[in-house]
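Enquirer: If you want the building blocks of each chain, they are given just below.
2 protein chains.
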Amino acid sequence: MRARAQGPLSGIDQRSTPGFDGGKSAGKAALKARGALLAGLQERLYAHGRSGDPRSVLLVLQGMDTAGKGGIVKHVMGMVDPQGVSHASFGKPTDEELAHDFLWRIRAKLPAAGQIGVFDRSHYEDVLAVRVHDLVPESEWSTRYAIINDFEADLVAAGTTVVKVMLHISTDAQRERLAERLDRPDKYWKYNPGDIDERQYWPAYQEAYQVVFDETDADTAPWHIVPADRKWYARLAVTELMIEALGRLDLEWPAPDFDVEHERKRLAQT
Amino acid sequence: MRARAQGPLSGIDQRSTPGFDGGKSAGKAALKARGALLAGLQERLYAHGRSGDPRSVLLVLQGMDTAGKGGIVKHVMGMVDPQGVSHASFGKPTDEELAHDFLWRIRAKLPAAGQIGVFDRSHYEDVLAVRVHDLVPESEWSTRYAIINDFEADLVAAGTTVVKVMLHISTDAQRERLAERLDRPDKYWKYNPGDIDERQYWPAYQEAYQVVFDETDADTAPWHIVPADRKWYARLAVTELMIEALGRLDLEWPAPDFDVEHERKRLAQT
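Quick mapping for you: the protein sequence lines, in order, are chains A and B. Under this note's numbering, think of the first position of the first sequence as 9, with each following residue one higher. Under this note's numbering, think of the first position of the second sequence as 9, with each following residue one higher.
What the hints contain is simulated information worked out from the structure, not anything from laboratory work. One or more hints might be untrue.
Chain copies aren't distinguished; within one or between two, either way the pair holds.
To be verified - Simulated pairs of lysine-lysine, DSSO-like, Cα-Cα distance not exceeding 27 Å:
#1 239 with 32
#2 82 with 40
#3 36 with 239
#4 82 with 239
#5 32 with 117
Okay, chain A solo, but in the shape it has when bound (with noise of 0.2 Å):
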């Protein structure tokens, strides 16, 4: 129920809920019952994890301003254990990571054996925004597609999983968001104006993301463009990557290291 990134991105109707019939009740209902699996799938990873197995996986999220990167994280992540999960965001890099490679900030905060790790944005930001804004000269971020690859070639070679996720809005399902957190009291501590400002590079940033899916998307990390004006689907969506994610690890419980009746005995004796 999500598409590859195959064909242009314009061509995919942020509306549509491919893979899945029923509306949003239906949606919602669904979204439970899979983050039951998925909280299972979750802990077994965690506990292959604790047993010496290195694999793990991370879930980069890239959309728009509003598209409903948090919402996957509160309302997806948080079907699971949060000891499981490593949460990171990347905003507008400090002077401290300015001064490393642009994937300095990124290896240090990869997932550990066991974990899941979500970004909130991520290096692909340095040939997002970088690329619309020029904050590099093109000679520098042009290289970035490449180097990407590796790294993520190297991550899923050392036992990472790779899902990688653009959430995709329409520009009137951006405007309706933007309209709501001027509404609500309780929304305004989401909006800055900067988003505004952003609005007007839309087509580039569409741009800029149809390279990112022709030059980045391995069979090994693929890019999935979820389509993303209706919240629920995304979210149900974004369930179902993370179940089949896990499920091709194969991930059944860690045989105990230990001999079982030796330790029930020595147990009885305390």
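Model the placement of chain B on the given structure of chain A, informed by the hints.
Expert: Chain B only, in chain A's frame:
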């Protein structure tokens, strides 16, 4: 609905449910209802953090093996938005950690503005396990109570609300929980033969905990001893402690730092 650390630890019944009259099913229902309130308060704290307010909350969880620290993280902190929670668990120190003072690794994991930090074990292990097993000379660990008090006073002064919880279980409850880990293949990964060795030191640990309460129960960073033989009660009690801590911060929604009408007009023009 919690005991402040008054009077000796030995006087507290681990199966008691102070402040709550109902049983398990009422307790679980209460947890769900109170969890919604906790999630609302946490969102306000997060909003303040994003708006320049330096305040944060730190929950320190201590207790013997199987006391339910992980369950608190999963079932209490699991009720709030993962974006607003930073979780750290402190095991046996690494060589790098041992090459620094004992608070070094603790400071590195303190919650940022607007965050709830959760420590699964903490700097208190440096006067618990360390004291019980003579891991450093008494001349060294004996100075740590004062160092901890200063450290926590500084934290509080800088805007962090510190909530310290000891999950208090009985030796019988621990035996049952360890036995369950040996009976269920989906729990083997939680079992560590070293837990039985530690069990021999139970009285020494209880004594070391008592000294902790006697030396570090400050009004600004109080200890709460939570009876924890009934998991549902401990989870509810910690939820109430967190609600109380957040409630004391008087968290209204932050005022906008922009002109709402002006922004509405700008948005309409896009």
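Enquirer: All hints, please: hold or fail.
Expert: Cross-check of the supplied hints:
For a Cα distance limit of 27 Å, the shortest separation of residue 239 from residue 32 inside one copy, 9 Å, qualifies, whereas the shortest one across copies, 35 Å, does not. Within a single copy, residue 82 and residue 40 get their C-alpha atoms as close as 13 Å, and across copies as close as 17 Å, so both meet the 27 Å cut-off. Proximity of residue 36 and residue 239 under a CA criterion of 27 Å is satisfied intra-copy only: 10 Å inside one chain copy versus 29 Å between copies. In this assembly of identical chains, residue 82 and residue 239 lie within 27 Å of each other by CA distance both inside one copy and across copies; the values are 12 Å within and 25 Å between.
Neither within a single protomer nor between protomers do residue 32 and residue 117 lie at most 27 Å apart by alpha-carbon distance, with minima of 34 Å and 39 Å respectively.
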